[in-house]
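Undergrad: Heads up: the sequence lines are chains A and B, in that order. The first sequence begins at 231 in our numbering and counts up one residue at a time. The second sequence begins at 50 in our numbering and counts up one residue at a time.
These aren't lab readings, by the way, just hints derived from the structure by calculation. For glycine and all other residues, C-beta sits at the position ideal for the given N, C-alpha and C. Please note: incorrect hints may appear among the correct ones.
[Unchecked claim] Pairwise CB distance ranges, derived in the manner of DEER restraints:
#1 B/65 to A/314: 42 to 50 Å
#2 B/58 to A/284: 36 to 44 Å
#3 B/108 to A/259: 16 to 24 Å
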Amino acid sequence: AQSVSQHNHHVILSEAASLELGCNYSYGGTVNLFWYVQYPGQHLQLLLKYFSGDPLVKGIKGFEAEFIKSKFSFNLRKPSVQWSDTAEYFCAVNGGGADGLTFGKGTHLIIQP
Amino acid sequence: DVKVTQSSRYLVKRTGEKVFLECVQDMDHENMFWYRQDPGLGLRLIYFSYDVKMKEKGDIPEGYSVSREKKERFSLILESASTNQTSMYLCASRPGLAGPGESYNEQFFGPGTRLTVL
Numbered sequence: 231a232q233s234v235s236q237h238n239h240h241v242i243l244s245e246a247a248s249l250e251l252g253c254n255y256s257y258g259g260t261v262n263l264f265w266y267v268q269y270p271g272q273h274l275q276l277l278l279k280y281f282s283g284d285p286l287v288k289g290i291k292g293f294e295a296e297f298i299k300s301k302f303s304f305n306l307r308k309p310s311v312q313w314s315d316t317a318e319y320f321c322a323v324n325g326g327g328a329d330g331l332t333f334g335k336g337t338h339l340i341i342q343p
Numbered sequence: 050d051v052k053v054t055q056s057s058r059y060l061v062k063r064t065g066e067k068v069f070l071e072c073v074q075d076m077d078h079e080n081m082f083w084y085r086q087d088p089g090l091g092l093r094l095i096y097f098s099y100d101v102k103m104k105e106k107g108d109i110p111e112g113y114s115v116s117r118e119k120k121e122r123f124s125l126i127l128e129s130a131s132t133n134q135t136s137m138y139l140c141a142s143r144p145g146l147a148g149p150g151e152s153y154n155e156q157f158f159g160p161g162t163r164l165t166v167l
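So that you can see chain B by itself, here it is in the shape it has in the complex (with noise of 0.2 Å):
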């Protein structure tokens, strides 16, 4: 059964400070996302990382860096929080591509990060 972890499901922040938000997955899958979901708005894209050491940036990467070191592990970073970066954030992983003729595989998420920032 796979599984997504994320560091915290609740955490309050100041303006300014430096946030560090980490998702573990345990089934060895390639693909990491991680998303913010606000209401109304659904879930954004804001990086994903198809191997180690690898990012690509999302639909809204603006305020956001991200690391991964290791294949399990996929970081995000607010380098200065702000308060419009409140928000809940989803991490999520999937297999890395199948091969020719096979299919898509669906992405696994965390419980999520409430992320409160005063």
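Next comes chain A alone, as it looks inside the complex (with noise of 0.2 Å):
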């Protein structure tokens, strides 16, 4: 089965801080890999995804994150972050069949003005 690992459940930065927040997986053949982001009381969205091809992704609003294959790794990055990036970040994995994706425990990002 597979499994994701989010290594912090909260993080609390200033603005203009850089952040990385880190996201492991187990599932040991090819993998779809995502973050989402929930902003209070909004929907969960899409920031970005990775299935093949160049291993550092770029999303919305600035994002990024690199696949890092035999770490099994997916980390996301903001060079810079901002206080609207508050929000719940969850990274997930699908292992390319047609169920659902397994998700982390997500990680509450705090941003101090």
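Dock chain one against chain two, each of which comes alone in its own frame, and use the hints as you go.
TA: Below is the structure:
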């Protein structure tokens, strides 16, 4: 079975700080990887996704993530965070089948002005 | 623009009641999913469906059932609600698997139904 581990459950940063959220997964085959974000009171929405090609993927709002196959990792980064990035962030993986996504437990990010 | 709607944003039910949570998507997606979201546990897959009248168990199907009579609608049923089913329930949809060489499609989520069972 697939599993996803997000290392930090709560992160507090000041505006303009750099962000890196860790994500490791356990599935050994070909994977599709996702980062979703849930802003307070809003729908879960896709930040970025990886399924093949360049392991460095860029998403919305200045976020990027790097797929490192040898480390089973897909860490999310942003060079300079803003107060509006306060949200819950979820890493998710799919092993390529028609079934649902396996999510990590989420990271609650708070950006202090 | 894909739209996934859920019948209620907030619902309060009593232990033992039968509860129906409805989800409708307007983009003709083949696949639909039900998750529950709990603090510190992330999202966990309850059931999914890849076609009308087809259903598959997810990771935590116990205490739930589903119904998919029409392509656009996927219902989650709690036959006899219990307090440990108090949670946020999220519905999602996705197009059918793409052909060889094509990419996996993202899931589109509804706003969620916060269910409280007293």
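Undergrad: Can you list which hints this structure breaks, lowest number first?
TA: none
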